[in-house]
Structures are given as C-alpha cells and as structure tokens.
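Chains as they are written, first to last, in our numbering: chain H, 1 to 75; chain V, 1 to 75; chain S, 1 to 75; chain P, 1 to 75; chain A, 1 to 75; chain F, 1 to 75.
Because the hints were derived from the structure by calculation, they are not lab data.
Any given hint could be a false lead.
[What the hints assert, rightly or not] Straight-line Cα separation of at most 16 Å, EDC-like style, residue types lysine to aspartate or glutamate; simulated pairs:
(1) P:K50 with P:E37
(2) S:K15 with P:E37
(3) V:K20 with V:D67
(4) V:K19 with V:E37
(5) H:K19 with H:D67
(6) A:K15 with F:D67
(7) F:K20 with F:D67
(8) S:K15 with S:D67
(9) A:K57 with A:E37
(10) H:K15 with V:D67
(11) P:K20 with P:D67
(12) P:K15 with A:E37
(13) F:K15 with H:E37
(14) H:K50 with F:D67
(15) F:K15 with F:E37
(16) V:K20 with V:E37
(17) S:K19 with S:E37
(18) A:K50 with P:E37
(19) H:K57 with H:D67
(20) A:K17 with A:E37
(21) H:K20 with H:E37
(22) F:K50 with A:D67
(23) F:K50 with F:E37
(24) A:K15 with A:D67
(25) V:K15 with S:E37
(26) S:K50 with V:E37
(27) S:K15 with S:E37
(28) P:K19 with P:E37
(29) V:K50 with H:E37
(30) A:K50 with A:E37
(31) F:K20 with F:E37
(32) V:K19 with V:D67
(33) F:K19 with F:E37
(34) P:K17 with P:E37
(35) F:K15 with F:D67
(36) P:K50 with S:D67
Residues per chain, in single letters:
Protein chains: 6
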Amino acid sequence: MAEEAKQGPPQFIPKLKGKKVIIRLVSGGQPVTGTIEGYNPYEILLQTAKGKLLVFKHAIATIGQVDEPMKGFTI
Amino acid sequence: MAEEAKQGPPQFIPKLKGKKVIIRLVSGGQPVTGTIEGYNPYEILLQTAKGKLLVFKHAIATIGQVDEPMKGFTI
Amino acid sequence: MAEEAKQGPPQFIPKLKGKKVIIRLVSGGQPVTGTIEGYNPYEILLQTAKGKLLVFKHAIATIGQVDEPMKGFTI
Amino acid sequence: MAEEAKQGPPQFIPKLKGKKVIIRLVSGGQPVTGTIEGYNPYEILLQTAKGKLLVFKHAIATIGQVDEPMKGFTI
Amino acid sequence: MAEEAKQGPPQFIPKLKGKKVIIRLVSGGQPVTGTIEGYNPYEILLQTAKGKLLVFKHAIATIGQVDEPMKGFTI
Amino acid sequence: MAEEAKQGPPQFIPKLKGKKVIIRLVSGGQPVTGTIEGYNPYEILLQTAKGKLLVFKHAIATIGQVDEPMKGFTI
C-alpha cells in the first residue's frame with residue numbers, strides 16, 4: 001500500500017515492451033500487429049512484419065497481447 | 001458539503017474497479033466487455049474473456065455496468 | 001459586468017445537473033438520453049433508463065435538454 | 001502593431017457572440033444552426049430553433065456566419 | 001545553427017497567412033479552400049468563396065497550398 | 001543506461017527527418033506519402049509529389065518508412 005502510494009498510478013505500456021501486441025485503431029479498419037520496441041508519452045514504435053511502424057497513441061483504441069493473452073499486463 | 005469541497009470533483013472510474021463493465025468506443029463497432037483491473041489518467045486495463053486488454057480513455061465513448069446496472073456509480 | 005469579470009467564463013454543465021438531457025456523441029449513432037447526476041472535468045455521469053452510464057466529455061458532440069428545451073442553460 | 005503585440009493572438013469566437021452561425025461537426029452529418037449565446041474555453045452555447053444546445057468545441061470542424069457571410073470575423 | 005536553437009521549433013502556419021490553401025478535415029468529405037486571414041493556437045480564419053469560415057485546428061488533417069504548391073512552406 | 005536516463009524518453013520523429021514516409025491518417029482513406037522536411041510539437045511538414053503538405057500530428061494514425069522499411073527508427 002505504502003509502496004503503491006509512492007509509485008503513483010500503474011504504468012501499463014512499459015510492461016508491454018518487447019511483447020507482441022495487436023493494436024486496434026480509433027479509425028477502425030485492420031488492426032496492427034507487432035512487437036513494441038519503444039515508446040514515449042505520445043508514440044509507440046512497433047516492429048511489424050513489414051518493418052518499423054510509428055503508432056500515435058491518440059490513434060489507438062485498444063492494445064492486447066497476441067501470444068500469451070492471459071499473462072499480459074500483470075499489475 | 002464541506003467534505004465535498006475538500007474532496008474536489010467526484011471520481012467515477014475508481015468506483016468501477018473490479019466491476020464488470022461494457023465499454024463503447026468512439027470508433028463505434030462492437031463494444032468491449034470486461035472487468036476493470038486497473039487504470040491511470042490515460043488508460044484502463046480490462047480483463048476480458050480473451051485476456052487482458054488495454055483501453056485508451058481517449059477512445060472511450062461510454063462505460064456502463066453489466067451485472068448491476070442500477071447499483072453502479074453511486075455518488 | 002464587474003461580476004462577470006470576477007466569475008470567469010460561464011460554466012454550462014453545472015446548470016444541467018439533475019436535468020434530463022439528450023447527448024449526441026461524436027461517433028454519431030443513437031443519442032444517449034438520461035439525467036445528469038454528476039460530472040467532473042472529464043466525464044459526465046448519466047442516469048439512463050437502463051442504469052447509470054459514464055459518458056466521456058471528449059466523446060460528446062452536443063447536449064440538449066429534453067423536457068424544457070426553451071428554459072435550459074439560462075446564462 | 002504595438003497594440004497587436006499587447007493583445008496576444010486574435011480571438012475569433014467572441015466576435016461571433018449574438019450572431020447566427022452554422023456549425024459543422026467533426027462527426028459529419030447535418031450541420032447545427034443557431035445563435036451563439038455564450039462560450040467558455042471548452043463549449044459554445046447555441047440558441048437553436050429547437051431550444052438551447054451546448055456544443056463541445058472539440059466536436060466542431062468549422063463555424064460560418066449565416067446571415068452576413070461576407071461581414072463576419074473582421075480582424 | 002545557433003539561430004535555430006534560439007528560434008525554437010519551426011512555425012509553419014504563420015508562413016501561410018495570406019496564402020490560398022486547401023484544408024482537408026479529419027472528418028473526410030469535401031476539402032475546404034480559402035485564404036488564411038488569421039490564426040491563433042486553436043483556430044484558423046479562412047476567407048472562402050462563400051465568406052469567412054472559422055476552422056478548428058483539431059479538425060484539420062492536412063493543409064496544402066493551392067496556387068504555388070512547390071513554393072509553400074519554405075523552411 | 002545512465003545516458004538513457006539523461007536523454008529522457010526516445011524521440012522517434014526527429015530520426016525520420018529527410019526520410020520518405022507513408023502516413024496513415026485517423027480519418028482513413030488514402031495514405032499520404034512524402035519526405036519529412038520539418039516538424040514541431042503539433043505538425044509535420046511533408047514534401048509530396050504534389051508539393052509541400054502540412055500534416056497535423058493529431059490526424060496521424062501511423063508513420064512507416066517507404067524505402068527501407070527494416071532500417072528505420074533505430075533506437
């Protein structure tokens with residue numbers, strides 16, 4: 001508890017670095033799949049089958065894990 | 001009243017932690033259903049039937065409770 | 001006038017608390033109807049016929065009053 | 001020029017207060033027509049033929065004047 | 001170089017003041033064409049064939065120059 | 001490691017300056033292709049086949065590299 005107070009709100013995206021994810025965009029259409037290589041407050045860098053892709057967070061609706069859907073995001 | 005003034009504006013999402021919710025996205029399409037496991041100022045972590053799902057708040061239109069629609073969000 | 005300067009810009013949503021409203025979302029589709037029970041800088045809590053519904057302000061296009069359309073929002 | 005520097009960037013919405021406008025929303029669909037009765041940093045209050053309507057600025061694409069399209073927004 | 005550091009990031013919209021532009025909106029649909037008469041951090045005032053039009057920046061996807069597409073935005 | 005801490009979060013867009021990119025917009029539709037000539041916190045200036053184009057970041061869903069998809073965004 002004391003530790004929680006110290007940590008501030010949970011950060012979910014850092015836990016997904018290096019994981020394969022499926023990203024659904026607010027624009028709908030085909031989701032984007034790839035491995036999260038990096039991130040900053042505004043963007044996520046994804047390694048996809050077709051190369052690196054910079055995804056703006058403001059365009060993301062949801063992120064789910066591909067390989068081990070039940071083990072992701074432990075909090 | 002004095003207590004309200006001290007508390008600042010009501011916070012609704014913390015009251016939904018651990019509750020089963022239905023989330024409609026601004027992109028329309030199928031709503032997302034799951035249990036809220038965590039949240040921070042930008043994202044909500046949802047446990048769905050298919051695993052964990054990170055939902056960006058900016059992509060959410062509405063959140064309703066599934067199991068006890070009349071009892072949720074007491075303020 | 002002096003009073004206006006002191007008050008800052010007009011706040012419209014507080015005047016709608018307890019009122020029945022129709023909310024149109026930026027995503028289009030069916031508008032949402034209910035009574036505003038609470039609000040904070042980011043969300044509005046609505047009592048609808050199907051239970052409470054948390055509506056994110058960023059997803060709202062317009063809010064109109066249902067019962068007394070000509071009397072609402074007096075400024 | 002010195003005056004401009006002192007005034008900061010031009011404010012367009014205050015000049016439209018009391019004017020009849022046509023507002024197109026980012027969601028597309030039918031534009032909204034009415035007279036601007038008030039505004040704050042986030043919302044515009046419109047008197048429409050069907051009553052008052054609160055329009056969120058984030059949902060607005062464009063605002064044009066209805067009655068005197070060539071005379072509006074003098075800067 | 002030293003000058004760049006002093007200037008901060010490049011500002012593109014001021015260079016378009018008085019130029020005829022074509023603005024595509026995030027909502028899709030017909031682009032808007034006109035001359036940029038003014039701007040502030042949130043809005044752009046456009047002189048179109050049908051009168052003045054206030055365009056919210058948050059609703060803009062892209063701005064291109066109409067008359068001299070190769071000469072615009074020199075940086 | 002110490003260097004990372006000093007640098008703050010990774011910046012991806014500066015690494016794309018001068019590179020040919022394909023930009024998908026949140027509005028869907030045809031992607032925009034061009035070379036990034038400049039950027040600031042809100043906009044990206046693109047040299048396209050039809051001239052310069054100012055693209056608002058808030059309207060961008062993803063940016064990918066065109067010519068050397070596997071070599072872009074080294075972090």
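We went through each hint and held it up to the structure:
For the proposed pair P:K50 and P:E37, the alpha carbon gap of about 14 Å is at most 16 Å, so the pair holds. Straight-line distance between C-alpha atoms of S:K15 and P:E37 comes to about 15 Å, which keeps the hinted pair within the 16 Å bound. Of the pairs offered as hints, the one joining V:K20 and V:D67 holds, with about 7 Å between alpha carbons and a cut-off of 16 Å not exceeded. Annotation: proposed proximity of V:K19 to V:E37 holds, straight-line Cα distance about 8 Å (limit 16 Å).
For the hint pairing H:K19 with H:D67, the CA-to-CA distance comes to about 8 Å; that is within 16 Å, so the pair holds. Our distance criterion of 16 Å between C-alpha atoms is broken by A:K15 and F:D67, whose separation comes to about 30 Å. Our distance criterion of 16 Å between C-alpha atoms is met by F:K20 and F:D67, whose separation comes to about 7 Å. This hinted pair checks out: S:K15 and S:D67 have alpha carbons roughly 14 Å apart, not beyond 16 Å.
Restraint check: the Cα-Cα separation between A:K57 and A:E37 comes to about 14 Å, which is no more than 16 Å; the hinted pair holds. With a C-alpha separation of about 30 Å, the suggested pair H:K15 and V:D67 falls outside the 16 Å cut-off, and the hint is violated. For the hint pairing P:K20 with P:D67, the CA-to-CA distance comes to about 7 Å; that is within 16 Å, so the pair holds. Between the alpha carbons of P:K15 and A:E37 the distance comes to roughly 15 Å, so the proposed pair stays at or under 16 Å and holds.
A distance of roughly 15 Å separates the Cα atoms of F:K15 and H:E37; the hinted pair therefore holds under the 16 Å criterion. The hinted pair formed by H:K50 and F:D67 meets the criterion: a straight-line CA distance of about 12 Å does not exceed 16 Å. Simply put, F:K15 and F:E37 have alpha-carbon atoms about 11 Å apart, close enough for the 16 Å limit, and the pair holds. Proposed proximity of V:K20 and V:E37 is supported: the alpha carbons are some 10 Å apart, at most 16 Å.
Distance check on the hinted pair: S:K19 and S:E37 sit about 8 Å apart at the alpha-carbon level, within 16 Å; holds. A hinted pair counts as satisfied when its Cα atoms are at most 16 Å apart, and A:K50 with P:E37 does not qualify at roughly 24 Å. With a CA separation close to 22 Å, the supplied pair H:K57 and H:D67 exceeds the 16 Å bound. For the hint pairing A:K17 with A:E37, the CA-to-CA distance comes to about 6 Å; that is within 16 Å, so the pair holds.
Restraint check for H:K20 and H:E37: satisfied, since their Cα atoms lie roughly 10 Å apart, inside the 16 Å limit. Under the criterion of a C-alpha separation no larger than 16 Å, the hint pairing F:K50 with A:D67 is consistent with the structure, at around 12 Å. About 14 Å separates the Cα atoms of F:K50 and F:E37, which keeps this hinted pair within 16 Å; it holds. Straight-line distance between C-alpha atoms of A:K15 and A:D67 comes to about 14 Å, which keeps the hinted pair within the 16 Å bound.
The suggested pairing of V:K15 with S:E37 holds, with an alpha-carbon distance near 15 Å, which does not exceed 16 Å. Between S:K50 and V:E37 the alpha-carbon distance is near 24 Å, which puts this suggested pair outside the 16 Å criterion. Using a Cα cut-off of 16 Å, the hinted pair S:K15 and S:E37 holds, with the two alpha carbons roughly 11 Å apart. Using a Cα cut-off of 16 Å, the hinted pair P:K19 and P:E37 holds, with the two alpha carbons roughly 8 Å apart.
Distance hint between V:K50 and H:E37 is unfulfilled; the C-alpha atoms sit about 24 Å from each other, more than 16 Å. Only pairs whose Cα atoms come within 16 Å are accepted, and A:K50 paired with A:E37 is accepted, the gap being roughly 14 Å. Our distance criterion of 16 Å between C-alpha atoms is met by F:K20 and F:E37, whose separation comes to about 10 Å. With a C-alpha separation of about 8 Å, the suggested pair V:K19 and V:D67 falls inside the 16 Å cut-off, and the hint holds.
Between F:K19 and F:E37 the CA atoms are separated by roughly 8 Å; this keeps the pair inside 16 Å, and the hint holds. A C-alpha spacing of about 6 Å is found between P:K17 and P:E37, which places the hinted pair at or below 16 Å, so the restraint holds. Distance restraint check for F:K15 and F:D67: the Cα-Cα separation of roughly 14 Å lies within the 16 Å cut-off, and the hinted pair is therefore satisfied. Between P:K50 and S:D67 the CA atoms are separated by roughly 12 Å; this keeps the pair inside 16 Å, and the hint holds.
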